[in-house]
Every structure is written in C-alpha cells, then in structure tokens.
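**Q** One letter stands for each residue in the lines below.
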Amino acid sequence: MTKMEATRDGYGQALLELADNEKIVVLEADLGKSTKSLHFRKAHPERTVSCGIGEQNMLLVAAGMAASGYIPFASTFAIFTERAFEQMRNGVARPNLPVHLCGSHGGTHTGTDGSSAQSIEDLAIYRTLPNVTVIHPSDSVSTRVLTKQLASSPSPSYMRTARNKTPVLYDDIGEDVIQIGKGIELKNGSDVAIIACGVLVSEALKAADLLAEEGIHATVVDMHTIKPLDANLVDAVSERCGSLVTAEDHSIIGGLGGAVAEHLSTTSGTPLERVGVNDRFGESGQAHEMLELMGLNAAHIVLAAKKSISRK
Amino acid sequence: MTTADELREVARKCRVHIVDMVYRAQAGHPGGSLSEIDLLTALYKTQLNVRPSEPKWEDRDRFILSKGHASPGMYAILAEMGFITVEDLESYRVLGGICQGHVDMKWCPGVDFSAGSLGMGLSFGMGTAIAARLDGSNRQTYVMLGDGEIQEGSVWEAAMASAHHELGNLNVILDRNRIQNDDFCETQMRMFDIPAKWKAFGWNVMEIDGHSMESIVEGLEFLGQSNDGPSILIAQTVKGKGISYMEDNPSFHGAAPNDEQYAQAMKELGVSA
Ligand SMILES: Cc1ncc(C[n+]2csc(CCOP(=O)(O)OP(=O)(O)O)c2C)c(N)n1
Ligand SMILES: [Mg+2]
Chain A
1 MTKMEATRDG YGQALLELAD NEKIVVLEAD LGKSTKSLHF RKAHPERTVS CGIGEQNMLL
61 VAAGMAASGY IPFASTFAIF TERAFEQMRN GVARPNLPVH LCGSHGGTHT GTDGSSAQSI
121 EDLAIYRTLP NVTVIHPSDS VSTRVLTKQL ASSPSPSYMR TARNKTPVLY DDIGEDVIQI
181 GKGIELKNGS DVAIIACGVL VSEALKAADL LAEEGIHATV VDMHTIKPLD ANLVDAVSER
241 CGSLVTAEDH SIIGGLGGAV AEHLSTTSGT PLERVGVNDR FGESGQAHEM LELMGLNAAH
301 IVLAAKKSIS RK
Chain B
1001 MTTADELREV ARKCRVHIVD MVYRAQAGHP GGSLSEIDLL TALYKTQLNV RPSEPKWEDR
1061 DRFILSKGHA SPGMYAILAE MGFITVEDLE SYRVLGGICQ GHVDMKWCPG VDFSAGSLGM
1121 GLSFGMGTAI AARLDGSNRQ TYVMLGDGEI QEGSVWEAAM ASAHHELGNL NVILDRNRIQ
1181 NDDFCETQMR MFDIPAKWKA FGWNVMEIDG HSMESIVEGL EFLGQSNDGP SILIAQTVKG
1241 KGISYMEDNP SFHGAAPNDE QYAQAMKELG VSA
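Chains as they are written, first to last, in my numbering: chain A, 1 to 312; chain B, 1001 to 1273.
Hint data in this document are derived by calculation from the structure and do not stem from the laboratory.
There could be a bad hint or two in this list.
[Stated by the list, open to error] Rough simulated footprint, nothing fancy, chain B against chain A, three-plus residues with beta-carbon under 8 Å:
(1) 30 to 38
(2) 49 to 57
(3) 113 to 122
Owing to the predicted nature of the structure, the values given are computational and were not obtained by experimental measurement.
Glycine included, C-beta positions come from ideal geometry on N, C-alpha and C.
All chains, please: the whole structure from these sequences, using the hints.
**A** Listed below in structure tokens is the structure:
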C-alpha cells in the first residue's frame, strides 16, 4: 500500500522542526487548523501571532517582523492569500523581505468547498513578482524539506500546499535530492517528458506507467519550484525526449505550463502540451471527480503525451 | 401574519434539512447554519419581498449571505420557501449540484451573491442598495455577516461608505455566535464593544436575541423603520443551536456528525426514526 499524506501536514511538521531557531515566527488568519500551523501555535504560542480573519493585515505584519530580524511564516488558504496580493507585491516583494507565505487547499483538488475556495491562479500571480520564489511540492516529505530550506532564504516565497492526501513519493530518497530550484527526475524515458508539480506528480507517474504499457517511455519530472524554473533540466529533458507535457492543478495560463512555454519560446521550441484547468472556474466535487472533470488526471496526461509526441 | 409558533416550526424543519445535508455530504458547516436559521426563517417568512416562482424578479428585496459557508441554512429556507425543492438539497456538495459548497448566484435560484470569501457581501450589498436608490425603488437589501467575518477590514470600508451615502435601504444582520473557524472569537481576535463600533461608523444599531422569534420580529420591524441610514441587528446567537453536542462547540464549525451523532440530532429535532 502506498503511504498517503497531505502536503499541508509536511508544512506543519516543518514549522515545528524549525522552532529551535528563535527567530522563526508564525502568523495565522483563523485557518491554523487547516493550514497546519496549529502544531507550532500549540508548542510556541508566544511566537504565534493570530491576525483574526484579516489576510491583508497579516502579510504586512509579517513584513514588519521580517524587517526587524524575524523569519515569518504566514499561512491561509491559497485563495485567501490572493486578497493580500498587493500587500505581497508592494509590502513584501518590492523591499525583498523574507516573508514566507503558504497557501494551503490550493487547486481544484481541494474539492467540495467549490469554486470560491479553489485557487487556480496563485502560481501565476506570484510568479510575476520579482524576488519571490514560488514552490508547489508534490508530497509531504518534500514539503517538509523545502519549507525548512526556505527558512534560510534571504528572499520572500510563496508555497502552495494541498488539502487532500496524495501518495508519499520521497520516503526512501535522500533528502539532499530535494533542493529549492532543482527539479527531480522520477523516471527517465526518452519518448516524452512530463513536467508536473503538486498533486499531479503522482498522476504523471501513473500516466507514465500507462504509456509504458503501450511501449512509450516517459520521463517524469517533479518541478516543485516554479520560480526560479530549473531551465537546465527543462533543456536536458526536452533534448532527450523531443516532446514535452506540463501538468498542474492550476490554470493553463501563467503557471508551470506558462513558465515552461515562456522558456521554450526563447530556446528550442520543442512541442509542448499543457495539462491544466482550461480557463474556467471549478465547482463542488470530490478531489478525484475534479481531476476528471477538469481534464487533469493520468488518462488526460496520457492523451496529452501522445499529442505532444505526434507533433515531433 | 405568520405566528411565532409557525416560524418556530419552519425553523425546526430547516434544522432537520441542515443536519441532513451536512451528514449526507460528510462535510460542510453546521454550526453557523444552525445559529443563523431562526433569523433567516423570520426574515424570509415575514419581511423579504421576493417571489419564489420568479427568483430573478427585478424589484425583489436582496438577501446576501456574506458568510457563504453557512449555505445549508440558506438552502434549507430556500427549500421551505419553494425556490428550490427538498430533493435539490440532496445535491449539496455533489458534483454538478445546484447546492454548491458555498452559495453561488450562478448555480442556485434565489441566491443573489456568489459567496465563500468572507468580507465581501457588505460591499456588494452596498452596490445593490445604491442601484435601488438610482432606480427610484424602495426595495431593501439585507446582508448576513458572521462575527468572525467582521474582522476583515473590507467590512469596515463598506460600513463607513454606506453611512456616508446614507443608505437607509441597507440592512445588516450580524450572527453573533462568538465562534469562528479555529476557536472562540475571544481567543482569535477580540472585538471589544461591537455595538459601539457600528454606532461610531454611523449605523442605527439594535441588539436582539437571535433565537427568540418575538425578539427577531421586533428587530426586523426596527430595520423597516430606520430609513435615515444603514441599520444593523446584532443578534446574540449560539453556534450549533438546537443540537446539544454542537452548541457552543468550535469543532462543529466545519464538521459533519457521524452515524450515532446524526441519530441523536434527529431525536433532538423531534424526528422519529
Ligand atoms: C477571506 C476569507 N478568509 C478565510 C476564510 C475561511 N473561513 C471560512 S468560515 C471561517 C470562520 C467564519 O466565522 P464567522 O464569520 O464567525 O462565521 P460563523 O461563526 O457564523 O460560521 C473562516 C475563517 C474565508 N472563507 N474567507
Ligand atoms: Mg461566528
């Protein structure tokens, strides 16, 4: 049986492990039970700042603390971080303050809460901000490792985590493989490369298995860091495979697919098919139903891979 | 005239619908639905000028559930009013269903605002109130806010602006159940003197008992009479009201009852097995 865990739990665990550093502070906006910052709050109430239901205030309080030598980790649902986008832009990114914003419950995978809770544009908007690192890990282990690495970064970041459980992929892999800005090759075939992030990495692995049954050998990359994009890895797999697919639980506009397409437009022009939410809003449904409805699951990745190969 | 006893009976039926919906979906928000339901029942049954068979009637009063997570409460009263059917309630949180997790004007008849993000409904309501004034209509706008919700700064932007524009046709009902998502409001964000805050922002203020039909009806009459500027009813309520183990219990903000708890809830609501 594959072990299943939610990436938001990896985030909560990382905050606890980081707590030895007394400069680490946590900010909440009445969603600590959901984003999993609650474990830190319980252990270190004196270093946890409750901002009530007030995301805009939270971001700038974090900025003020960062400018005073602290390392703030602020979290809410991915969608509600967006309400504080301008605070993030003008108050955090512009002065390049190391505030680490985490948006949990990202994507349509979040499920039956419906479209108002399903952020499908967060990766795109934060990617436009200078100085901001944008991360969307695929499993709880990599979320924990990457969150801990962020604590020593001198710049701000946005990390998206997911509400629901997905397979743990990095249980037996040395943690040094997981580095901000370095994509991870989980499979290396030479017919097509599937570059995925977040909850779609495990779908990409399933797609690779399905393709293998038809004699098609796929590379699968976990591109957990969307910005800065691991351009060397994109170049390497695109040269080896000659066709690409990106896969993300996010709009096809501006996220991982957008980042890879922008890169290819100035380099190889390798055929690329983007699997993502096709310029629409979500709705209420179970996580697996949403991946099917939005055209994001393994079966859709397989179709996209074949299409990309046919364009070689 | 609907009597207070009749209102209480409608509210009891709505409570059954609320628990049914959340139990079936094994997800959703019972606490804030049960605290608001007496208010919604009296508002829809005695005050709101709407036509269930013509939900888009242009000159209808507007009701905006700004705390859109408390959707089971709104779907329940919409069903009791005949905007939707009791069968429609089975679509709560089901793929393709009109009863989306958070109330959505694009999906469900009788819903005037696509909610889910807190702190947005009062601004939207201000817009509908200004539009009514421009139309020369005396239709009213009612906005239901949560007490955690009013921690959002945008609520106070709208509060200030509505008083500035002397919007006598704009009415707020505040569900003061003292609990938000993670915990009691008192530990998350103290709000001190809430009536004084609204008064200072230029609003007419009345405090009521949000579970006494007599008190609610009196409050709704107050809203009808105060037309010199925006008005608010601050309704003291109990989160989870009506189901003993949910009452005043932060864990039932967003959690569904299990089989045993469901059976007990139905018993407490007078439903025979
Ligand atoms: C902008 C925004 N931030 C956070 C949330 C998540 N959230 C949903 S309900 C809730 C608590 C709401 O408490 P309250 O307004 O008191 O509602 P009630 O007690 O009536 O359920 C929170 C924080 C949200 N929906 N919108
Ligand atoms: Mg409340």
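**Q** For every hint, state whether the structure bears it out.
**A** Verification of the supplied hints:
1. 30 to 38: holds (count 6)
2. 49 to 57: holds (count 7)
3. 113 to 122: Answer holds; 5 residues pass the 8 Å Cβ test.
Of the numbered hints given earlier, the model fails none.
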